[in-house]
Structure formats: C-alpha cells, structure tokens
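Number of protein chains: 2
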Amino acid sequence: MARMHPFDQAIDLRASALQDTPHEFSGVTHPAYANLIGPFGGTTSAQLLQCAMLHPERIGEPVALTVNFAAPVADGEIRFVARPVRTNRSTQHWIIEAHQAEGVVATATAVFAVRRQTWSHVEAVMPANVPAPDVVPRMSMNGMPAWPQRYDMRFVEGAFPAAFDEQEQAHSRSTLWVRDEPERVLDFASLAALSDSFFPRIYIRLRRRAMIGTVSLTTYFHADSPLLAQVGSRHVLGVAKALNYRHGYFDQTGELWSPEGQLLASTHQLVYFKD
Amino acid sequence: MARMHPFDQAIDLRASALQDTPHEFSGVTHPAYANLIGPFGGTTSAQLLQCAMLHPERIGEPVALTVNFAAPVADGEIRFVARPVRTNRSTQHWIIEAHQAEGVVATATAVFAVRRQTWSHVEAVMPANVPAPDVVPRMSMNGMPAWPQRYDMRFVEGAFPAAFDEQEQAHSRSTLWVRDEPERVLDFASLAALSDSFFPRIYIRLRRRAMIGTVSLTTYFHADSPLLAQVGSRHVLGVAKALNYRHGYFDQTGELWSPEGQLLASTHQLVYFKD
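Which chain is which? The protein sequence lines are A and B, in order. The first sequence begins at 1 in our numbering and counts up by one. The second sequence begins at 1001 in our numbering and counts up by one.
Worth flagging that the hints you see were computed from the coordinates, not collected in a lab. Worth double-checking, as some hints may not be accurate.
[What the hints assert, rightly or not] Which residues of chain A face chain B? A partial, calculated answer using Cβ under 10 Å: (1) Glu97; (2) Ala113; (3) Arg201; (4) Tyr220; (5) Ala223; (6) Leu243; (7) Gly248; (8) Phe250.
Glycine is no exception: its CB is placed at the ideal position from the N, C-alpha and C atoms.
Only chain A is shown next, with the shape it has when bound in the complex (with noise of 0.2 Å):
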C-alpha cells in the first residue's frame, strides 16, 4: 500500500465514538508540520475545517474560513468540536472549537455553500511575466523548522531573506510558486493550509528578527471542486503584502492563483509582533 502524504497524515481525523458527542473529532499535530514552538498554523486551520468536511451533516463545500489562534497548541492531542449552528438550503454556517488540556487553543468559523454557475470575473491582476516554476529555484529549507520542508517554495520577487542583515525594504511584497512538498493533489485543506504558508511580512520587511504569531486568518475559498481538480498537484502561484504595522500587530493579505490565472482563494491575516 502506497504510504499516505504526511499531509493527510497531519489532517487525519478520528469521529467521536459516543452518540452524545456527535461534533466531537479528536486528531494530533504532526511532526512533519512542526513549526519552532508547536504546530504549523496551516495545518491546525487545515484539521479545524476538515471537522466540517468530515461531518455527517455538512453540505457543500467551503467559501470562507476564519480561524482565531487563542493560545500556543502544544504537541500532541487535541480535541475538536465542530457545530453546523445554521443549515440553510444553500449555506451552512459553523462554529469549531480546537481543545487541550488548558483549554481552548483555537476558534474557527466557516461557511459552507453549495454554488452555482454565475456571471463570473476576475477583477484581481495576476502577476505578469512571472517564469514558469521549473526555470525559477526553488528556495533550500536548511536550517527551518519542518513546515517549510513540506512545500516546494520557488520565490520570484520577495524571498525570505538569506540573512537576518536588518536592511529595511522598500515593500514586504512576495511572489512565489509553491506546491506541496511530496506533491499532492489540490484539496481544500490544502488551500487553507496553502493561505498561512506566506512567511510573516515584516521578515521580509525589515530583514530583522521579531517574535512574531498569527492571531486571527481568514480565507475566501474562490475554487470549486472542478478548478481544484484542474489544478491537481501543480504548483500555484502566491502573492502577499502587508497593509498595516501598528503597536504590536501588522496585516497581510494574500492570493493563490492556478496557473491559467484562476483566483483560487484571497487571504488575510492579523500577526501579533515584538520588536
């Protein structure tokens, strides 16, 4: 039997057993995805919306995701509760709720839709002459904690600096090409890991070392299965940008386009900063 991608290791998540806890999912942080303290972001957001995808009750498919990071998730176990607080006949909204012995290490809300076909447009502008992945290098993880192993990064504009030389930049704008590192197929758990694999902007900004955490990331899923699909393991491309840093907290937002210029989702994210 073909060993499973670590991926689907790391978002492999086991029902409650007990009639009385029909929301309850309980799953583990995965080596693979180890961040220097606890886990990848990513992956605990990947694992919070996989309790929706994997409920019994769930319709559709995903259209927007917030997760809020309330404490450090240590590594581990940890229990999750995932409610459909209101079922429509279209769209389901959810509340989940990621537990460890303290106590609540993370919230996420999530709307569920099922779609239909539209007038349809794209109004963001993808990057322009940006080189196809295989003739852009892809950036060496020496030296990082073990998520960044499990990308395939190839940075066009804006790369995570080689040197912590405190040289400030202009802007903290990058372009990547990224995929999951072994490939796999484009799901949405992926993508929603995908939106908080950006390194936080003010590295790129100031080339300086800050303490910095994800409190809060919110993710518009623009893709369908079908696009999803199209895309399959390839890469996609990435863009990110800070808006604002202001006494203790910056902004950036994101975008992750298919390379036939879809726009698969739009990203944001408020990151809690020392300097």
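Based on these hints, arrange chain B on the given structure of chain A.
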C-alpha cells in the same frame, strides 16, 4: 438632555439581569439603520462587537472581528451570547452569537488585545491627490433605504450608479469620504459598522440589479483609542474594490484611512450574489 445619536440607540444593549446567564445581552434592530429587508449588517456587526466591549471580563481593545451572517435578521429583538473563550495576558478571544426566535442569525469571533508601542509603519498606499471632503458633493440618498441616510458619503471615484444602465465598468474601485450622519465621534463600534458601509462591488462593476447578501465580514482594527480620538467626528477616507466573482460569491476588500494618512482599519468580505 441631548437626544442620543441613532447609532448609540442602535447599539444600546441590555446585559442579562440573571446570574446564571452572565454572557447574555439583548438588543433590538433600529429603524434608522433599516436595509431593504431587515437591518444594515454593519449595525448587527457593531452590536456583536459591543457585547464584548460591555462584558465585565473584557480586556484590551478589539484588533480583529469576523462576523458571519447566517440568516436574515428579522426586525425586532436579538439575543446575544458573548463568551470570552480564552483570556491570555495581553489577548482575549471571543465567540459571540446572535439569536432570534428561529435560531442563530449571526456569529462572530473577535480578538481583543492590550497593545504596546512598537515600530510602526503604513505599507498600504493611501490614494493621493484626493480633494478635501468639503469640496466633494455629498451623495444624494433619495430613494435609498434608511441606513445609507445615516452616512455622509462623498464619492471621489466609483460612485453608486445613478441608474442601473448595465454598462459594465472596467473595475469596481471606489474612493469616498464617509462619516456618520449626524456627526459622531468615531469609536470601535462605528468603525465596525463603517467597514460594512461599502456598497456591494457588483453594483459598481456591472451597474445592474442583483440579489446580494454578505456572508462573512472580517475587520482588522489598526486604530487604538488615542488614534480614534484624533479622528474625532471628521470624515475618513474609504477605498474598496472587488477581487473575484465566481459561481455565486465575490469578495471585496476595503480600507478606512484617517485624514492624516493613518490606516484605521482594513476590511474584507465575502458576498453571495444571484445575477
């Protein structure tokens, strides 16, 4: 006694008098902020935020708010449940629900924080060469629902179409000066409401009628109390644009700027549409 501002009336919540329901608040929709059907979503957002603001266990000030609109809000009473699910030394995480007779009508998550001075920088670019609010004509609100009449909007670009002439525009970008009408000193609640005051981008872009409804609204508060006090009751500069329209949903992103060029809030929403 001076008459209360209609916005203060709209967000005037009553804490539960019962000892066993410390997290409950009740409010009521306000006719001055009525939309075509039910209340303006911005007022509902402000009420949800206000629950946390009024809660005796609250620490700090809001830095992130996500509101999901789960079902149409009926005119009348709303029961709110606001739970501080995690309180750390300098951050606090909330889950807030709005209930009416038939069930949950909205949910919110919020992050509050005690801020500290750090390196600060505005990376987003405020529109340049914008004429002062007193030389830009105020938008006529004739024939509009009640809520836009509670705002003084002065469009520099991307005005609400005078007629739905179905002339598709090249983009959906709007730039406008906006403040409460009558004037009111800016606070977190009104900033939350302002974040939902950008008209749906599809009207600007397509200039045709469409059924729309915001499903999820996220606001990052870059302003703290001292900065809000500096703005006072003056106009703030709003900028909004859409990113992607696809299969029944589009997202739009907005910024609210102080006259002096501080980014007060960045805001993002996902909107259902039927064309």
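Status of each hint after checking the structure:
1. For Glu97(A), the suggested interface contact is upheld, since its CB lies about 7 Å from the closest CB of chain B, less than 10 Å.
2. With 10 Å as the threshold, the beta carbon of Ala113(A) comes within range of chain B, its nearest partner Cβ sitting at about 7 Å, so the hint holds.
3. Checking Arg201(A) against chain B: minimum C-beta separation of about 8 Å stays under 10 Å; hint holds.
4. Taken as an interface hint, Tyr220(A) checks out: its beta carbon lies about 5 Å from the nearest beta carbon of chain B, inside 10 Å.
5. Annotation: Ala223(A) was flagged as interfacial toward chain B, and the flag holds, the nearest CB pair being 8 Å apart, inside 10 Å.
6. Here the hint on Leu243(A) is kept, as its CB sits about 4 Å from the closest CB of chain B, short of 10 Å.
7. The restraint placing Gly248(A) at the interface with chain B holds, with a minimum CB-CB distance near 5 Å, inside the 10 Å limit.
8. Taking 10 Å as the C-beta contact cut-off toward chain B, the hint placing Phe250(A) at the interface holds, the least distance being around 8 Å.
Hint compliance for this structure: every hint is met.
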